[in-house]
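Asker: Each chain is listed here by its residues.
Number of protein chains: 4
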Amino acid sequence: MKNKILNDPVFGFINVLEARLIGIIDHPFFQRLKRIKQLGLTYFVYPGALHTRFHHTLGATHLMGLAINVLRSKGVEITDEEELAAKQAILLHDIGHGPFSHALEHSIVNVSHEDISLAIMQALNGIMNLETAIKLFKGQYPKRFLHDLISSNLDVDRLDYLKRDSFFTGVSEGVIGTERIIKMLNVHDNYLVVESKGLHSVENFLIARELMYWQVYLHKTVTIAEQMLIKVLKRAKYLAMKGEKIFATPALEFFIYNDVSIEDFDKKVKINGTDMTVLQAFTLLDDYDIMSAIKVWAFSDDKILSELATRLLDRRLFKIAFNDTAYDFYSLKQIESLIAKELGLEENEVEYYFINGKIVLPKATSEDSEIKILTGGKVVPLSKATEILNINMFSKSAEKHYIIFPAEVRDKVLRLL
Amino acid sequence: MKNKILNDPVFGFINVLEARLIGIIDHPFFQRLKRIKQLGLTYFVYPGALHTRFHHTLGATHLMGLAINVLRSKGVEITDEEELAAKQAILLHDIGHGPFSHALEHSIVNVSHEDISLAIMQALNGIMNLETAIKLFKGQYPKRFLHDLISSNLDVDRLDYLKRDSFFTGVSEGVIGTERIIKMLNVHDNYLVVESKGLHSVENFLIARELMYWQVYLHKTVTIAEQMLIKVLKRAKYLAMKGEKIFATPALEFFIYNDVSIEDFDKKVKINGTDMTVLQAFTLLDDYDIMSAIKVWAFSDDKILSELATRLLDRRLFKIAFNDTAYDFYSLKQIESLIAKELGLEENEVEYYFINGKIVLPKATSEDSEIKILTGGKVVPLSKATEILNINMFSKSAEKHYIIFPAEVRDKVLRLL
Amino acid sequence: MKNKILNDPVFGFINVLEARLIGIIDHPFFQRLKRIKQLGLTYFVYPGALHTRFHHTLGATHLMGLAINVLRSKGVEITDEEELAAKQAILLHDIGHGPFSHALEHSIVNVSHEDISLAIMQALNGIMNLETAIKLFKGQYPKRFLHDLISSNLDVDRLDYLKRDSFFTGVSEGVIGTERIIKMLNVHDNYLVVESKGLHSVENFLIARELMYWQVYLHKTVTIAEQMLIKVLKRAKYLAMKGEKIFATPALEFFIYNDVSIEDFDKKVKINGTDMTVLQAFTLLDDYDIMSAIKVWAFSDDKILSELATRLLDRRLFKIAFNDTAYDFYSLKQIESLIAKELGLEENEVEYYFINGKIVLPKATSEDSEIKILTGGKVVPLSKATEILNINMFSKSAEKHYIIFPAEVRDKVLRLL
Amino acid sequence: MKNKILNDPVFGFINVLEARLIGIIDHPFFQRLKRIKQLGLTYFVYPGALHTRFHHTLGATHLMGLAINVLRSKGVEITDEEELAAKQAILLHDIGHGPFSHALEHSIVNVSHEDISLAIMQALNGIMNLETAIKLFKGQYPKRFLHDLISSNLDVDRLDYLKRDSFFTGVSEGVIGTERIIKMLNVHDNYLVVESKGLHSVENFLIARELMYWQVYLHKTVTIAEQMLIKVLKRAKYLAMKGEKIFATPALEFFIYNDVSIEDFDKKVKINGTDMTVLQAFTLLDDYDIMSAIKVWAFSDDKILSELATRLLDRRLFKIAFNDTAYDFYSLKQIESLIAKELGLEENEVEYYFINGKIVLPKATSEDSEIKILTGGKVVPLSKATEILNINMFSKSAEKHYIIFPAEVRDKVLRLL
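Chains as they are written, first to last, in my numbering: chain V, 97 to 513; chain W, 97 to 513; chain Y, 97 to 513; chain U, 97 to 513.
Hints are not guaranteed to be accurate.
Just so you know, same-sequence chains aren't split out, so a pair can sit in one copy or run between any two.
What the hints assert, rightly or not - Dumping the calculated DSSO-like pairs for lysine-lysine here, alpha-carbon to alpha-carbon at most 30 Å:
id, residue 1, residue 2
1, K429, K341
2, K170, K492
3, K231, K279
4, K231, K454
5, K170, K341
6, K316, K170
7, K492, K480
8, K316, K415
9, K474, K279
10, K364, K474
11, K364, K454
12, K459, K480
13, K429, K508
14, K100, K508
15, K341, K366
16, K454, K170
17, K170, K100
18, K239, K454
19, K231, K508
20, K492, K459
21, K239, K437
22, K364, K130
23, K341, K363
24, K496, K279
25, K474, K415
26, K338, K231
27, K293, K170
Since the hints were derived computationally from the structure, they do not count as laboratory data.
Produce the complete structure using the sequences and hints provided.
Answerer: In structure tokens:
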């Protein structure tokens, strides 16, 4: 019997025994996740954060196995087929991510990774049976708690990525009691719940999530780098659309020179002299296409493209300023004019050197799907059960507004605020 | 030059270089801390939690060294003598702890460990110069921030014990970013402050403290065991006061057969045929005196003493029930009667089998000494700076009321509530 | 269903589900292991090394469960009863240890802990069925490989204690790939074997064992402390046998005032006014009896007893010198005379201040029970399979001779060598 | 004052304070190391092993700082300028590495990375003063021990990479006592030595090195993947030299279409329309150039190139067989014929599907530069001081011969051996 054992510094060994899971892992659609970093440009700040979506997905699948064992030991019935489907679903939950996913979706390929994930699952469903997995993924399977394990405020996705991201960044504040939380899982009224002995571990989990957001996912330098990446990609697409020659691998070239929507994903195109669907073309993209192109663009004749690319590669990043509320229109206009003048830019060029946006930390758990605590036979939403957490975490998203601009105009910009 | 290197699984190596610190460590008063567990009976629940006050104190001293280096690197002036004094003070801050400190103070030796710590420091001051250390300890030294490092809501005491207790219990929720917090320390207006980049680490620290309280320090089984220990010790003292022969080491015997107050600590007594002060007698006590006595008491002719001692040793513990508010007088009386009747106890014996009390988790930081966050050149109290923490953590202590009783009457007791 | 979950900083959570195992754990004979440190006086050098035989034993039982799962997954047949018996046997393998076992056996109770373990198992066999466990323990059960898991050069005992001792001492060199080794276990010809992919992990395991011996188990300061403890106990027994009054708990008193052999263990005695067998009396002993007595002995009228006890408590230890070969008789006599003269000792008193002995690191694996490597379907002894390890590790024990003496005579002693 | 703080999951925080070091780190030549994985294709087996030469180099520089502090505390004189130079040298010691260094040197760019490192240092010496650093690097500086820290059998390079590679792969056998070894460093007769108390830590270090070689660096799957990468690159170069159009970034294109030697590195070329030296062109290469090209080559019209590239990307790797001695010429010829026939290959095509080579684990420490143990004031080479290690580790390199071939011919190939 074939059998995959993975060395994982986070969980030790990860065993994958089922042939039908190994079939997914061995598929080129999945192997490409090895070439897509989980945290994009975060390594600009945390040099160890180079782990991939491949690694994360396998970790989450491992946790799914543990969780199912715990639930079964408490008398929850889960068939072998359901176990397989739950593992298939979690294995595939990130399959639609492209390289630097967030940046890509805001520049070159304006299609959500959730849509693409589903499209890929359906494509794979032709060569292997994924019916139940797809139902689970969509939340259409009767055993609701299995969907909760795949996608909810306390799913194995988060249980893996918080722990894994904490490990590879070295941010000890993100450490969570994954093992303890999983031991405290149970099912009540068809929902996934946490026994009350696990309340503090869940509180710690939410705090760790919050801290990881501020210290890692929304770190100001990461935000700047990502925004600059978006601008680089947008400029490349702009030039391409104008008909200029832009270096890229053939797959990336297709997406730079064409606007596609999810509806186009089953259309035929020819890439590398080979006929394929747009979906297949998309699955050729990974971090290597993006970064190898940017490295060449650093030498572009287009001054804006070459400058942005060079700054990104050499880590000479723009600066950022934050505000609790939105910047007012008038100030933004003034700064725009200032930057145009100082850097000698045309009006339509300023957008590459001046970015106004906001970062949002979504509320801890959305109203309709709060983490449920099982206490004395009854289920209480976490926001009612907690005595530690600020109620604001549950009632509203935290957000910060920012402006990003070149270092050389910082003093003058700040004086305008 | 003499030089002590300690192997510490928490911080790696701990170096102690200063002869005047080594002199303290080598003193019998300090060596006895090797025989006093930091967490008393917590090992009933967390079998790894056997670390001692000796180990914790050295860890805190190590952190004091790191903190002073950080502050100096930021331009804060600290003389070598002040560094020495700060380290002496932290080395001695727990010196007055007896074995199972909390239990002991509520049964046999009704003197606070803080008073005893000061008495011991003054006694040692005769053989080595501790003037500045004592001033620092009392908060009477002009550089307030040095006192803050020794005793405040973010002192090196807590920074060590949370991390250490988390390590030895295996409770991952207690993990804190000690190193990061220390790197973010600074001094403002003579107070110890944390730079705003460290805000999230401090929030995590407070959460970790809260979780450690509930999961470890105030764990219900630990609470029961400690209350039972108090009852064992009280019963022994009661019998001794009645004139019965109670086995004990000579030092423990003295405190069982005599009531002493802090004023008596410089009086002369003869223990083991040797003249000494009550203070010196106290420093002969450690975990070994208490547990060796209890092991003999398990065979006492007094049924209550022998039964309580046996239950404690064999871990056949009482049960506990909790209530958010105080139990009402009438219910308590009813339960008392019930237990007396069920177990065939005299009226004055019920107190050994029925305990009513409360556990208190002190508020995160008391009003007058809140952790201070330095942001944009200004100091803001943490409760204002945080967006994550529940304001209740700062405004009130959390408390739970409990009753403790033998397992065999549980059903009947619960029916009365 | 009752169920024990233990928090273990080494392996996370340890589950004990079987009622028949919980019955053992709850027995007073087993609970006392909570009061017996795994590494005796090692905490003199490694202050974190306070973990107990209780903790270690549960860890080894946890590993037994993992190992049995691995073997079953490879088609090795193990019945539920055999699994239970194997776990019972490992749970009880150290049950005969007294406090500071090695020291005790060389001073007060001259009976091997193996003999006592067996006697206790047989005593427990009266109240619960331990037939198979005892057969496994003695190596009399047909499935030889189960015995190998309990007691061999690669048993779960060592797999736990190396990892655990490394964790609590903080000696990173002792870290071993426990999980990987267990995954590589298999059975061949009824013997426990390691698949060849695990060869390097086993080599690392042997090296870690060697390094832990030199850096921890045979550490010179630990050796000195243990030898001094033996002398303290011997002196107390000597005085007792002379009829002098020696403070001790009643159980310890019995063993100080009586010489017993394993044959005496079923005889009746009265301790604490209670009739019991010598075996039961022995199970009353733990670290607390020994240390509480030594603390009183520090005030003894006998100068030798009080001095040795005080030195041990305050960590003012003797010094040690090593030699590759045995010290010659003439030199030893000279040193004896020197020490007697310098310290003003009688001839029969010198033995308390001058100790000559050797430390022995047993060879890696004894000839008849070498670790077996399964390579290409054949079994090869490790000493043939390894290319890294020195053959001497397999062919001979390493030993060092030492003399121990008071610091004040060091210079003069060394001049005589 | 500028100041760089790096989050490192291995050592916590890494501080870089000196402006002259920050100048190196910020240089594009150094920033590119962020895009070169330390362990090439090892992530095929250990998915966490994605850390970069950038990260490793900064870790080694951190250890250099610790080592210098230890030596100074023992009275070894090291000036501030020497400290800076030693850190510059270690920071730059890997600067000449290209992407997948070993594979690249055996296919496209036949120049050793050591030569390139030196060339880059000399180039940088023009814009910053690196005179002393270069002398140290070449071993031409009078204080020999500083060179030993940079490049010897116990240099900070190895102390970092063993620990770091162990961390990211999750291979616990590679854990070493870095901190302890550094604490035991000293200088004797101008050489770097280890005090005898550190002997066991050094033995553990050598064993860890050995185990990391077999389990990671020379892992069979990694070996296969690397050999396949070499073949892919060779085929691309072969086709390019024949004049065919091969996709590549402009920098990679230059090296595919041109043979260069170290002498050519200062010649001028035009890349991306920009004049630069060959050296500068080389510094444009990183992992992204290689992998993005291979992804396109998977669609090449050349069957060999496309097949090899596809297999590598989808991880459908060749198989390997090992032999202790070299395979005989006759067998190799037979296998060659077999493979040609089975796969329908021309004679000059077989080399892409059949590889014969050897892996070599260099002896522990070469004769002229053995690790030196300081014991009793004298220096002894490690091979004399050790009692654990096999003398073969010091006297000869271990090697294994292998043949690599497609899975589909395995059975027939093995029958020929």
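Asker: The structure should be examined with respect to each hint, and the outcome stated for every one.
Answerer: To see whether the hints hold, each was checked on the structure:
1. K429 <-> K341: Answer is neither; intra-copy 33 Å and inter-copy 50 Å both fail.
2. K170 <-> K492: neither (35 Å within a copy, 38 Å between copies)
3. K231 <-> K279: within (26 Å within a copy, 35 Å between copies)
4. K231 <-> K454: Answer is neither; intra-copy 35 Å and inter-copy 50 Å both fail.
5. K170 <-> K341: neither (62 Å within a copy, 52 Å between copies)
6. K316 <-> K170: For K316 and K170, only the inter-copy Cα distance (24 Å) is at most 30 Å; the intra-copy one is 44 Å.
7. K492 <-> K480: both (15 Å within a copy, 18 Å between copies)
8. K316 <-> K415: within (9 Å within a copy, 47 Å between copies)
9. K474 <-> K279: Only inside one copy: K474 and K279 sit 19 Å apart there, 41 Å across copies, limit 30 Å.
10. K364 <-> K474: neither (54 Å within a copy, 56 Å between copies)
11. K364 <-> K454: Cα proximity of K364 and K454: none, with 38 Å in one copy and 46 Å across.
12. K459 <-> K480: Intra 15 Å, inter 20 Å, cutoff 30 Å: intra and inter.
13. K429 <-> K508: Within one copy only: 14 Å inside a chain, 75 Å across chains, cut-off 30 Å.
14. K100 <-> K508: between (58 Å within a copy, 26 Å between copies)
15. K341 <-> K366: Answer is both; intra-copy 19 Å and inter-copy 19 Å each pass.
16. K454 <-> K170: For K454 and K170, neither the intra-copy (44 Å) nor the inter-copy (33 Å) Cα distance is at most 30 Å.
17. K170 <-> K100: both (28 Å within a copy, 15 Å between copies)
18. K239 <-> K454: The answer is neither: 38 Å in one copy and 42 Å across copies each exceed 30 Å.
19. K231 <-> K508: The answer is neither: 55 Å in one copy and 46 Å across copies each exceed 30 Å.
20. K492 <-> K459: For K492 and K459, the Cα distance is within 30 Å both inside one copy (5 Å) and across copies (25 Å).
21. K239 <-> K437: neither (61 Å within a copy, 51 Å between copies)
22. K364 <-> K130: within (26 Å within a copy, 37 Å between copies)
23. K341 <-> K363: Both: 25 Å inside a copy, 29 Å across copies.
24. K496 <-> K279: Result: close only across copies, 26 Å inter versus 36 Å intra.
25. K474 <-> K415: This pair counts as between: shortest inter-copy Cα distance 23 Å, intra-copy 51 Å.
26. K338 <-> K231: Neither: 43 Å inside a copy, 53 Å across copies.
27. K293 <-> K170: Within. Shortest intra-copy distance 15 Å satisfies the 30 Å Cα cut-off; inter-copy 36 Å does not.
Hint compliance for this structure: hints 1, 2, 4, 5, 10, 11, 16, 18, 19, 21, 26 are broken, all remaining hints hold.
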